[in-house]
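K.L.:
Here the protein sequences line up with chains X and D, keeping their order.
Residue numbers for the first sequence follow our numbering, beginning at 840 and rising by one.
Residue numbers for the second sequence follow our numbering, beginning at -16 and rising by one.
None of these hints come from the bench; they were simulated from the model.
Careful, some of the hints might be misleading.
[Stated by the list, open to error] In the DMTMM-like style, the derived pairs of lysine to aspartate or glutamate whose C-alpha atoms are separated by at most 25 Å in a straight line are:
id, chain 1, residue 1, chain 2, residue 2
1, D, Lys3, X, Asp931
2, X, Lys948, D, Glu20
3, D, Lys109, X, Asp891
4, D, Lys(-11), X, Glu882
5, D, Lys109, D, Asp24
6, X, Lys948, D, Asp108
7, X, Lys942, D, Asp24
8, X, Lys948, D, Glu16
9, D, Lys3, X, Asp936
10, D, Lys3, D, Glu16
11, D, Lys109, D, Asp(-10)
12, X, Lys948, X, Asp891
13, X, Lys942, X, Asp955
14, D, Lys60, X, Asp964
15, X, Lys948, D, Asp107
16, X, Lys948, X, Glu882
17, X, Lys942, X, Asp931
18, X, Lys948, X, Asp936
19, D, Lys3, X, Glu882
20, D, Lys109, D, Asp58
21, D, Lys60, D, Asp71
22, D, Lys(-11), D, Asp104
23, X, Lys948, D, Asp104
24, D, Lys3, X, Glu929
25, X, Lys948, D, Asp71
26, D, Lys60, D, Asp(-10)
27, X, Lys852, X, Asp891
28, X, Lys842, X, Glu929
29, D, Lys60, D, Asp24
30, X, Lys948, D, Asp67
31, X, Lys948, X, Asp937
[What the hints assert, rightly or not] Cβ-Cβ distance ranges computed for the label pairs, FRET-style:
id, chain 1, residue 1, chain 2, residue 2, range
32, D, Arg106, X, Ala934, 24 to 30 Å
33, X, Arg890, D, Thr105, 38 to 44 Å
34, D, Pro25, X, Gln849, 35 to 41 Å
35, D, Gly61, X, Val857, 33 to 39 Å
Note that the Cβ used here is the ideal one computed from N, Cα and C, for glycine as well.
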Amino acid sequence: MAKMTPEPVQVIKQRRDVALRRLVASIPYVNFMGIYFERRGDELTAIMPFRDDLVGNPALPALHGGATAAFLEIASVIELTWSTLWNAIENDHMAPDDIEIGKTLLMPKTIDFTVDYLRSGLPRDGYARARINRAGRRYASVSVEAWQDNRSRLFATASGHFIVPQVVT
Amino acid sequence: MTEASKDAAQALINALPHAKALGMRFISSSEGEVTMEMPYDPRFIGDPATGVIHGGAVYALLDTCSGAAVFAHPDHKGATATIDLRVDYMRPAAPGQPIRATATCYNMTRTVAFVRAIATDTRDDKPVAMASGTFVTGI
């Protein structure tokens, strides 16, 4: 039996990046907040560049608690959706161009979300990574941590529960 | 509440850049209780298939309203900041409708304020979301 030539790495990367871009670009609130994602393999880092309109306390200044919460919730929702999409795309069940929210992809729904504010958010870019602790057929439990200048000095952590996203093929 | 004091409360909200960016409006307040509203805006959509507002925007409204309730408590001194806040999302907010939040600061110690908040849309029978949290006080 002839050995199949492996797919070029650039083709694989391109497919993953297009899928991620398509997902993120289709959610207006993610764009409103100026949040974007970087990818290493299947690992995502959410980035929220500092902007004056994310401030809640102009005297300090400090990020608004609501902006921090939104950042962490977006990081969690995208992580959960991405992990579902990843399987569909890697196993060739779906092409990136087929991603259409409401048709081929049903977004997760937040059941509850709890943020711990560990220190005030500085007027700097924020970074966040979410971890899926468990995803069953219906529910998922996700935790997420966020930092700014120092990876070891978290400024907020959060955990939440979600109705899991569905890929419809 | 006089129109002048309502304008003063709205000015306090507008001084918070992110609350202003989300278009939050002051509605009313009494001792330890504040009601605020956030308009529907297509930029806040979290699920493009349904047009439902992202949970993060609802969270921001509940957090702002809760912090304001701490300020409205007669025993509060100084500034405030959220220690933790949990939001339960009971149902999607109706697309096209503003979301109204009422927060109550129901207990206050020398250092910690305890707050509950509820968010509704114009279908008033069932809440959209509820929150409970703790805030820094006396700093």
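K.L.:
Let me make sure I understand: some of the numbered hints might not hold for this structure. Which ones are they, in numerical order?
P.N.:
1, 3, 4, 8, 9, 11, 12, 13, 14, 19, 20, 21, 24, 27, 29, 32, 33, 35
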